[in-house]
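A.B. asks: Residues per chain are reported as follows:
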Amino acid sequence: MSEKVLMKGAEALAEGAIRAGCRYYFGYPITPQNETPEYMSRRMPEVGGRFVQAESEIASINMVYGAACAGVRVMTSSSSPGISLMQEGISYISGSNVPCVVMNVMRGGPGLGNIAPAQADYFQAVKGGGNGDHRRIVLAPSSIQEGVDLFVDAFDLAEKYRMVVMIITDGLIGQMMEPVEFKTTVDVSTLVTPEWATTGRHGRTHPNIITSLTLDAAGLEKWNLALQRKYADVEAAESRLEEYLMDDADYAIIAYGIMARIAKTTVKLAREKGIRLGLLRPITVWPFPRKQIQSYAGRLKGSLTVELAYRQLFEDVQLTLCDRMPLGWYGRGGGVVPGPREILQAFEEQLLKGR
Amino acid sequence: MLVGELLAHAGMDEGKEVTWLPSYGPEQRGGTANCAVVVADEPIASPLLTEPQSAIVFNRQSFDKFAPLVAKGGLLIVDSTLVESRCDRSDIETVYIPATDIASELGNSKFTNMVLLGVYLSKVGPVRLDSVFGALEVYLTGKKSSLIEVNRRAIQAGIDYVMTKSDSVG
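Quick mapping for you: the protein sequence lines, in order, are chains E and G. Sequential numbering from 1449 applies to the first sequence in the working numbering. Sequential numbering from 301 applies to the second sequence in the working numbering.
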């Protein structure tokens, strides 16, 4: 099927995962992504997959861990407080070198917060969450279509690097509808069970053992160094950035996900006023597209970082650009989503006035 | 919500870019439940409607909330059966239509939304009427397909009202 269908984000993303070959979904309901498990519960049996509504998010992520050890395409999804509960499992999965996809449809926080759109789990996704030195590839689509397309990459990357790939989106993309096209359908019969999978010895001389436990310090350091080498490979090869109207730009807005999309309208409004504004949109927020953004140092008169959070993305922008250009910041929290004109006003106040 | 979905679907069928963004909080259960629809010829950047070109309001709370937001030169459509207020803005056009009464005459006040959609289509028409009728057939299937005809008549009633006796202030 390649024609466009009008779908809600949370459902289209679920279908995107199935098209990407996902056949195992374990989850627990939470707004604003309930349509994802609901859709999975209906579709998984149709495609020969398995859907389990677990008793909690902690159970969900550990079921994902188990399926991942069997070498299948598996995912879970949740929203902010639910993703917090999954952090232990994500750390174990990362420490065990097995692949899976986790989607966070972010909502207002901290705590239970509210169900409105937010990007306040950036630090959790990009820098931390669970214990120990581990990283996740974090993909941040800014439209439903891009989210669907990225699901194929998400599973490919997870398997290539044997690590957790997280898709971070928000309640706005989860709840809105727009036409979407499913361009790729992975034939699951072509997927090969990896040699490390714990699916039985089948005549092999050695057992496959998957664990995140290494009691011997030297041994665990060696294991950590191997993880670090893998993360360095990912940083070198997998960062992605969209550059929008940057060829002649004097200034840039730096934003990801839904805020990048809203800021595109800000860019158009600014250009109507003769201001040469462009947009730099990280598609991967880890690895952060550091080199690509650094290439604008010396070429721009300044940038404004825009996010639905308080100086989280901005911290990575600061680490990337340091004092190499004036750095403005505009963020809203608690589920408030600013419109294009509010962003333009912040841009003009911080970067144009008195310069 | 359904009116918005029909518009979005009709736009998509015409090859246009569309977005549909609902209120999904507690207001979905009443009050100012709303959806924002963008139909455009170019890819849509922001799906937010901070300054809508048109607003269709079904009740008093929505009138109070959305009438001030309509962009200058825009259109406000009001169900005057349920909303007694009058808009005091002179920089927009306001259409008052007793949509609930008209729908009740057609058999059920549940068709009020279609009457108001008819008004919108005859005034603005970002999508063709036949595309909306086509979208109705996508949404009303199985047992509900028997409702297609009366929904079409309700849309037509809204269009006819504008043509004949619209109480428009602009």
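Among these hints, one or two may not hold up.
[Said to hold, decoys possible] Below 25 Å or equal to it, Euclidean Cα-Cα: the simulated SDA-like pairs (lysine to any residue) are:
id : chain 1 : residue 1 : chain 2 : residue 2
1  : E       : Lys1452   : G       : Lys365
2  : E       : Lys1452   : G       : Pro322
3  : G       : Lys372    : E       : Arg1490
4  : E       : Lys1452   : G       : Lys372
5  : E       : Lys1721   : E       : Glu1643
6  : G       : Lys365    : G       : Phe433
7  : G       : Lys372    : E       : Arg1789
8  : G       : Lys444    : E       : Arg1789
9  : G       : Lys372    : G       : Lys410
10 : E       : Lys1631   : G       : Lys443
11 : E       : Lys1670   : E       : Lys1721
12 : G       : Lys443    : E       : Arg1490
[Said to hold, decoys possible] Pairwise CB distance ranges (calculated):
id : chain 1 : residue 1 : chain 2 : residue 2 : range
13 : E       : Ala1645   : G       : Gly331    : 48 to 54 Å
14 : G       : Arg389    : E       : Thr1632   : 45 to 51 Å
15 : G       : Gln361    : E       : Ser1504   : 17 to 23 Å
16 : E       : Pro1529   : G       : Ser404    : 44 to 50 Å
17 : E       : Glu1720   : G       : Gly315    : 25 to 31 Å
18 : G       : Gly331    : E       : Gly1782   : 45 to 51 Å
19 : G       : Arg389    : E       : Gly1787   : 39 to 45 Å
20 : G       : Leu429    : E       : Glu1720   : 43 to 49 Å
21 : E       : Ser1489   : G       : Leu429    : 51 to 57 Å
22 : E       : Leu1693   : G       : Glu437    : 38 to 44 Å
23 : E       : Ile1506   : G       : Arg428    : 50 to 56 Å
[To be verified] A few chain E residues facing chain G, derived, Cβ under 8 Å:
id : residue
24 : Pro1477
25 : Pro1480
26 : Gly1781
27 : Val1784
Honestly, the hints are just simulated from the structure, not real lab data. Ideal placement from N, C-alpha and C gives every residue a C-beta, glycine not left out.
A.B. asks: All hints, please: hold or fail.
C.D. replies: Right, here's what the structure says about each hint:
no.: 1; hint: Lys1452/E x Lys365/G; in the structure: 34 Å, violated
no.: 2; hint: Lys1452/E x Pro322/G; in the structure: 20 Å, holds
no.: 3; hint: Lys372/G x Arg1490/E; in the structure: 46 Å, violated
no.: 4; hint: Lys1452/E x Lys372/G; in the structure: 34 Å, violated
no.: 5; hint: Lys1721/E x Glu1643/E; in the structure: 59 Å, violated
no.: 6; hint: Lys365/G x Phe433/G; in the structure: 30 Å, violated
no.: 7; hint: Lys372/G x Arg1789/E; in the structure: 16 Å, holds
no.: 8; hint: Lys444/G x Arg1789/E; in the structure: 43 Å, violated
no.: 9; hint: Lys372/G x Lys410/G; in the structure: 31 Å, violated
no.: 10; hint: Lys1631/E x Lys443/G; in the structure: 33 Å, violated
no.: 11; hint: Lys1670/E x Lys1721/E; in the structure: 57 Å, violated
no.: 12; hint: Lys443/G x Arg1490/E; in the structure: 21 Å, holds
no.: 13; hint: Ala1645/E x Gly331/G: 48 to 54 Å; in the structure: 52 Å, holds
no.: 14; hint: Arg389/G x Thr1632/E: 45 to 51 Å; in the structure: 49 Å, holds
no.: 15; hint: Gln361/G x Ser1504/E: 17 to 23 Å; in the structure: 38 Å, violated
no.: 16; hint: Pro1529/E x Ser404/G: 44 to 50 Å; in the structure: 45 Å, holds
no.: 17; hint: Glu1720/E x Gly315/G: 25 to 31 Å; in the structure: 26 Å, holds
no.: 18; hint: Gly331/G x Gly1782/E: 45 to 51 Å; in the structure: 20 Å, violated
no.: 19; hint: Arg389/G x Gly1787/E: 39 to 45 Å; in the structure: 20 Å, violated
no.: 20; hint: Leu429/G x Glu1720/E: 43 to 49 Å; in the structure: 33 Å, violated
no.: 21; hint: Ser1489/E x Leu429/G: 51 to 57 Å; in the structure: 38 Å, violated
no.: 22; hint: Leu1693/E x Glu437/G: 38 to 44 Å; in the structure: 41 Å, holds
no.: 23; hint: Ile1506/E x Arg428/G: 50 to 56 Å; in the structure: 52 Å, holds
no.: 24; hint: Pro1477; in the structure: 14 Å, violated
no.: 25; hint: Pro1480; in the structure: 6 Å, holds
no.: 26; hint: Gly1781; in the structure: 16 Å, violated
no.: 27; hint: Val1784; in the structure: 12 Å, violated
Hint check: violations occur at hints 1, 3, 4, 5, 6, 8, 9, 10, 11, 15, 18, 19, 20, 21, 24, 26 and 27; the rest are consistent with the structure.
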